[in-house]
Amino acid sequence: MRGATPLFVAALALLLSGGPSQAQSSNDTLTVAFGAEGTTMDPARYSAGVDQYFISQMFEQLVRFDKDLKPVNWLAESWSIQGTADKPIIDVHLRPGVKFHNGDPMTAADFEFCFQRLKDAKVSRWTHLQVNVEQFEIVDDLHFRLHFSAPDADYIVGNLQLWAIPKKYFEQVGDEGFSKAPVGTGPWKFVSRSIKEDIKFEAFDDYWNKDARPKVKHLVAKIIPEDLTRVAAFKAGNVDWIDAVPLSAIEEIKKMPGVKTFTAISGNNLYVDFPSYQPNSPFNKEKVRQAVAQAVDMDAIIKSVLFGQGERYEQIGKGSTGYDPALKPYPFDPKAAKKLLAEAGYPNGFETPCYNLTTPREPNIKEYGEAVFAYLGAVGIRCKVQGLEYAAWINLGRRGRNGPPDMDGVLMWMWGQGLPGDPATPWGGHLHSFVAGKGWGSYSYTDDKKADEMVEKLKGVMDPEQRVGLIKEIAQYAHDNVLGGVTTYRPVITFAWREKVEFKPWPSANWRNFKEVGLKN
Amino acid sequence: MKSNIIKGLANALVSIVGASLIIFVISRLSGDPVALMLPIEAPKSAIDELRKSLGLDLPIWQQYLIFLSHAVRGDFGNSYRWQMPALQLVFERLPATIELAIAAFTFSVLLAVPLGVLSAVYRGSWIDHLGRIIAMLGQAVPSFWVGLVLILVFAVGLGWLPAFGADSFKHVILPAISLGWYPVAAQTRIIRSGMLEVLDSDYIRMGRAVGTPERLLIWKYAFRNALLPLVTIMGVYFAAMLSGAFVVETVFAWPGLGRTVVEAVFSRDYPVVQAGVLVTSIVFILSNFLVDLSYSLIDPRIRR
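Those protein sequence lines, which keep their order, are chains A and B. Under our numbering, read the first sequence as residues 147 to 667, first letter to last. Under our numbering, read the second sequence as residues 4 to 307, first letter to last.
The hints are simulated quantities; they were obtained by calculation from the structure and are not laboratory data. Model, not experiment: these values are computed from the prediction. Glycine included, every Cβ here is placed at the ideal spot set by N, Cα and C. There are no misleading hints in this set.
In silico negatives: residues of chain A with every beta carbon more than 12 Å from chain B: (1) R291; (2) D554; (3) G615.
Okay, derived cross-link-like pairs now, BS3-like style, lysine-lysine, Cα gap no bigger than 27 Å in a straight line: (4) B/K47 with A/K605; (5) B/K47 with A/K584; (6) B/K47 with A/K265; (7) A/K346 with B/K173; (8) B/K47 with A/K268; (9) A/K584 with B/K55; (10) A/K268 with B/K55.
Model the full structure from these sequences, guided by the hints.
What follows is the structure, given as structure tokens:
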């Protein structure tokens with residue numbers, strides 16, 4: 147037996163003799179690590195924001211936001227709203243000389259093809275956004291018009307919705323072929339994908355925007371869901387860039403020599419909702435809703451529970467369409483909250499179910515919910531807490547289900563207004579009252595006629611300036627009456643990369659877009 | 004022998020059909036996947052349309068019969084999330100899980116067998132105590148914690164091994180240790196007690212008396228007789244490693260089946276849950292079947 151020990155040590159030494167495990171990147175490969183993974187590389191099939199992290203590396207839209215969150219024409223050379231107020235037309239001129247990765251030129255037919263796929267319920271999860279487009283007119287190869295049956299702002303706030311999808315190539319390879327070898331116009335070409343492992347891209351030499359071409363040949367996106375492992379991989383030099391640095395590690399990472407970080411708003415909006423539409427609910431009373439708004443010290447929660455990685459907002463986030471710096475959150479005032487509860491007929495408070503999301507859709511979200519419930523308890527709103535994983539949570543939140551009873555208490559909820567942000571769609575879902583079969587209020591616990599009228603009006607306003615005025619008006623009304631829930635914070639996200647990486651954060655795909663990226667020698 | 008095999012195969016078939024029914028019913032009890040597949044603002048009409056296109060509007064017994072008739076042909080339908088055949092997704096991920104399970108199993112056996120035998124041979128010595136401490140730690144410390152500590156020491160601290168991934172042999176070492184440490188305790192204990200029993204038996208004492216070398220006595224005569232209970236528990240643990248690698252797969256971003264199936268459960272991706280659990284069940288049942296067969300190879304008395 148004595149001979150076994152040295153043999154084992156020798157074998158271990160041989161095994162480890164490869165020396166330190168180096169970064170998987172070389173000078174022509176940038177290796178990045180994401181915490182989550184998209185499920186599709188087909189832009190017409192995407193359903194969640196995480197899909198866009200990967201799709202946006204190789205597919206592009208007509209309009210995009212620049213680094214200052216201002217809209218700029220991208221594949222569209224120009225566009226305008228024409229027609230009449232009742233039946234508007236979006237007229238688009240495409241940028242000439244844009245090629246797909248397979249060499250095909252981009253034409254209006256490719257956008258018409260995308261539109262048809264977005265309309266198809268078997269393919270798209272966004273059919274409801276196309277219902278007001280009654281005709282797609284191709285004027286010539288680089289010119290098309292979208293004819294609307296009614297004013298609809300969804301196209302305006304959604305970067306004109308359409309993606310460049312190569313019609314000719316798609317028809318050659320079919321749906322399955324396209325999902326295995328997708329082709330777009332973006333700066334990165336698809337190379338391969340291994341689910342749960344990685345996605346590999348190669349720089350597209352013929353990319354139309356010479357200023358935004360990557361200066362590195364290969365991009366490898368690794369999927370590392372565990373926060374600590376992702377950070378460890380970065381520290382060990384296995385990856386060059388990491389997504390979503392966990393809150394507790396941000397300070398440490400920022401102090402690491404040779405490391406750069408970027409912190410920005412993630413595009414999500416969190417709030418506390420309650421069934422104000424139910425006549426028998428305490429939350430039906432405005433004073434109770436105001437008590438909730440004043441009971442919670444969000445600044446303390448952001449500082450202590452979220453490690454400072456959150457930004458307070460009131461109805462509209464800073465930089466979003468219609469942001470009004472004069473509109474401030476209710477102050478933290480537990481005495482006033484107790485007084486309001488007493489005035490509402492609850493001098494001893496009341497018990498209520500409180501539903502918390504336990505799936506980490508945002509960092510420390512469960513702890514944030516628990517802190518809110520504790521603050522509510524301190525003023526007399528005593529929570530019977532129930533934790534829910536994502537599927538159960540979304541099921542509980544949805545109105546008009548054929549299942550268990552509707553949500554009947556305090557619900558921690560979120561609905562991203564996006565980047566730079568526009569509240570029209572979220573308000574249509576949670577500020578407008580629930581209307582079965584019409585798409586309004588699908589997660590709404592509010593029932594207010596004036597709010598309904600204003601939100602419906604907003605959907606039809608396509609003029610940007612008019613939208614700003616109306617959004618401010620709605621925000622003030624929702625704030626004054628505490629409708630659509632109590633807004634709490636917008637999560638902040640931090641990315642980290644090695645100094646050798648030249649990374650310029652772009653707001654598209656929630657800042658995870660690798661345009662104009664390079665590696666220093 | 005032949006009748007044992009036929010009986011075992013028949014039992015396996017019944018178990019697999021039973022497993023398919025349980026998986027089918029339980030996955031549907033978890034709720035409706037359609038709300039998760041559509042954006043939050045999608046109207047009810049879009050939800051109903053999607054539910055119909057997936058066949059989820061049919062009575063559950065009808066859904067099961069359709070599932071069963073397709074499953075026997077290897078068609079589990081398309082993954083709701085990944086929009087590709089569920090079985091293809093499972094088979095793409097299964098090799099990584101099998102690779103990890105084999106590596107972890109090898110690690111556990113290589114550690115447990117010498118520890119167990121030496122603990123028995125040198126009962127009460129420091130080797131015996133050390134063996135118990137190592138085994139106890141394996142059971143007391145959760146695998147995710149072991150994984151994170153190994154990453155911090157060997158990837159971040161020493162830089163010897165990669166922190167994540169499955170690109171080379173080096174990548175499997177840390178996940179295999181994390182996954183394989185837990186069963187070491189049980190295996191060590193069983194070998195130790197088995198060996199103690201055998202080492203006290205008359206034929207071993209007789210062997211010693213006639214001058215048979217100690218090494219031959221321990222490894223040829225004693226160890227083989229102590230092997231039967233170990234094989235039983237090894238079979239159970241190997242199957243458990245196949246189906247229970249989710250935590251370690253997540254910690255090390257190992258692209259295996261466990262992570263795929265657990266995420267499918269959370270997103271109610273029925274086809275992937277059904278295909279993944281059924282394939283794992285088949286592997287589990289077959290491994291137990293092989294363990295049963297191996298008894299007759301180890302112990303000739305069983306053949307009779």
